[in-house]
Amino acid sequence: MNEALEAELRKTRLTIYAIVASFQEPSTSGKILREYREEYGGLTHEKFGYQHLEKLLDDHPQLFPAIDSQGRRAYKAKVSDNAASQALQFQIQRQKKKKKKSNRRGGYNRAAHGGGRGASIFTNGSLKIDSLLNA
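Here the working numbering is used: the first residue of the sequence shown is -2, the next is one more, and so on.
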């Protein structure tokens, strides 16, 4: 492997380590790949000589295999020394955790406020019996 590719592999391993260390529970390869893609784009493990992402993760010196709560193969980060810990904290701070949007509106009842389905049935919280009988 040439020097540029080795440097890129070191950077990729550090990033993967930061992703895995940011979770308390073990991380599956799918979860690691999803997080990596969200933050940094595609992960091409083939260019480093690994056919599968699991092979790259198994060969990572700072990760160890574990089992997650559903019995799937997962990975945990090893406790590191001070220099590696500082590099890890730098990587974690660089990551932007995106909030997942919820499909539900918390605490807002559309029908009670005159919008959405059922708006013709409710008016100011009182039930219109006539509209129910004519329906």
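Careful, some of the hints might be misleading.
Said to hold, decoys possible - Each computed BS3-like pair below joins lysine-lysine, with the alpha-carbon atoms no more than 30 Å apart:
no.: 1; residue 1: K44; residue 2: K8
no.: 2; residue 1: K73; residue 2: K44
no.: 3; residue 1: K52; residue 2: K73
no.: 4; residue 1: K28; residue 2: K52
Note that these hints are calculated values from the structure, not bench results.
Evaluation of the provided hints:
no., hint, verdict
1, K44 <-> K8, "14 Å, holds"
2, K73 <-> K44, "24 Å, holds"
3, K52 <-> K73, "15 Å, holds"
4, K28 <-> K52, "15 Å, holds"
Every hint from the earlier list agrees with this structure, and none is contradicted.
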